[in-house]
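If you read the sequences in order, they're chains A and B.
So for the first sequence, full-length UniProt numbering puts the first residue at 1; every next one is plus one.
So for the second sequence, full-length UniProt numbering puts the first residue at 1; every next one is plus one.
Keep in mind that the hints were calculated from the coordinates and are not lab data.
Predicted model, so just to flag it, every value in this text is computed and none were measured.
Incorrect hints may appear among the rest.
Since the list can't tell identical chains apart, any single copy or any two copies may satisfy a pair.
List time: in silico EDC-like cross-link candidates among lysine to aspartate or glutamate, alpha-carbon distance up to 20 angstroms [claimed, not checked]: (1) K27 / D80; (2) K129 / E143; (3) K190 / D75; (4) K129 / D165; (5) K190 / D201.
Number of protein chains: 2
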Amino acid sequence: MPDNDVMSPRTPDTGCPPRAGLRERKKVQTRQAIRAAAYRLFAEHGYDATPVDRIAAEADVSPSTVFRYFPTKEDIVLTDEYDDMMADMLRDRPEGEPPLVSLRMVLHESLGAVLNDPAERAEMVQREKLVRDVPSIRARAHESMSLTGRLLGGIIAARTGRTADALEVRVFTAAVFSVIHEATMFWVEKAPDEDLLVLIDRSLRILNRGLDV
Amino acid sequence: MPDNDVMSPRTPDTGCPPRAGLRERKKVQTRQAIRAAAYRLFAEHGYDATPVDRIAAEADVSPSTVFRYFPTKEDIVLTDEYDDMMADMLRDRPEGEPPLVSLRMVLHESLGAVLNDPAERAEMVQREKLVRDVPSIRARAHESMSLTGRLLGGIIAARTGRTADALEVRVFTAAVFSVIHEATMFWVEKAPDEDLLVLIDRSLRILNRGLDV
DNA sequence: CGTCAATTGATAGCGACTCTCAAAAGAATG
DNA sequence: CATTCTTTTGAGAGTCGCTATCAATTGACG
Numbered sequence: 001m002p003d004n005d006v007m008s009p010r011t012p013d014t015g016c017p018p019r020a021g022l023r024e025r026k027k028v029q030t031r032q033a034i035r036a037a038a039y040r041l042f043a044e045h046g047y048d049a050t051p052v053d054r055i056a057a058e059a060d061v062s063p064s065t066v067f068r069y070f071p072t073k074e075d076i077v078l079t080d081e082y083d084d085m086m087a088d089m090l091r092d093r094p095e096g097e098p099p100l101v102s103l104r105m106v107l108h109e110s111l112g113a114v115l116n117d118p119a120e121r122a123e124m125v126q127r128e129k130l131v132r133d134v135p136s137i138r139a140r141a142h143e144s145m146s147l148t149g150r151l152l153g154g155i156i157a158a159r160t161g162r163t164a165d166a167l168e169v170r171v172f173t174a175a176v177f178s179v180i181h182e183a184t185m186f187w188v189e190k191a192p193d194e195d196l197l198v199l200i201d202r203s204l205r206i207l208n209r210g211l212d213v
Numbered sequence: 001m002p003d004n005d006v007m008s009p010r011t012p013d014t015g016c017p018p019r020a021g022l023r024e025r026k027k028v029q030t031r032q033a034i035r036a037a038a039y040r041l042f043a044e045h046g047y048d049a050t051p052v053d054r055i056a057a058e059a060d061v062s063p064s065t066v067f068r069y070f071p072t073k074e075d076i077v078l079t080d081e082y083d084d085m086m087a088d089m090l091r092d093r094p095e096g097e098p099p100l101v102s103l104r105m106v107l108h109e110s111l112g113a114v115l116n117d118p119a120e121r122a123e124m125v126q127r128e129k130l131v132r133d134v135p136s137i138r139a140r141a142h143e144s145m146s147l148t149g150r151l152l153g154g155i156i157a158a159r160t161g162r163t164a165d166a167l168e169v170r171v172f173t174a175a176v177f178s179v180i181h182e183a184t185m186f187w188v189e190k191a192p193d194e195d196l197l198v199l200i201d202r203s204l205r206i207l208n209r210g211l212d213v
């Protein structure tokens, strides 16, 4: 009866052999277990109707552990892992390129990768549905977006010889990210089969044309 | 010692004399008392460090009553009272006027009124500072802004023969209101003495120029 | 003044989240 | 393998926002 090897780590599938200690491996494992349990329960009973205690039970950990891994219930759903990647990409764009073009390129690269991986895409759709439906999650998503905006805005500012908190920079990034968010919401609820990137590009173009002050 | 008349309603300043019954008068009175107590405590101890129970005590009502008047703690700070007014104003704008121009006119009218009244202006500044500093309030403000956006977006859509949930309309209003919000934040934290309306106009112009796709 | 309806306060309870502390388990050492 | 050391975990109590219930109070009205 040595068979709980459903997820036993025969050999680490990461490049380097026994790179990470058992501890590290268990941590990612727990983290994933909690996330998976949460998504399962959210899908079945809804976000608000799913207490953290139930998630803990489902994931076979204590409630304290859940909060140790995710500071808030919303954090179980959200993830900021793309921010740094996007920042790096943006920094790698050529000097003279117009900001919006750079941003679009970065988006195409990073978002494209997510959308092309079926698993990641499915998870993203689920997440964005929660963003659409649950106020507290939407709020956090907004907040996180606005943080990403400030991060990338800072990089753009540096490239155009401005400071990150100049009105121009802030207005620009706020508008762009707000448009991206709106396009994403539209995508999730109205056109899930279309290409999100096309929608975003279209939206940015709408923005550019429609504003005749 | 009959002197808590800082805001005692000597005679109803609304046109009609003892128009409302005692009940109604007491209600507005309680509402204001709670708000005032809250703002006082927030200013002194900070938002998060001020439990609703303390606000209730300070306002001399029970905690239940506080929640009866304000569904959430954030609602004590926020107010949606301008939305309908703005909607009416927007509907009154001439048919052919470009959407953004109409919106700017409405803003100038409604925001202008608030900014010109010293008391209202002071309250707005305090509120926006809380919006800047307290995540949960910022979240609600965002949400409320996005609702206003949908409301006004619907009106604009009707005027331009589109539906309220068309991508174009949503993107347009999302961008505009996001810019307004950003300009307001800039105003509160960087240029409280400048004219907010000028900042907003400048921001909308920035938006229009800066986006070279 | 007495009746009726609205407003209030007290109480109990849920759920998110924090803090603390002792038990459990991996890592490092002999 | 046994030993310490360190990290991770779980259990418990407590705070705060918020809801629901119900009895007591209070303005409205004939």
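Query raised in the report: Which of the stated hints cannot be reconciled with the structure, identified by number in ascending sequence?
Result: 3
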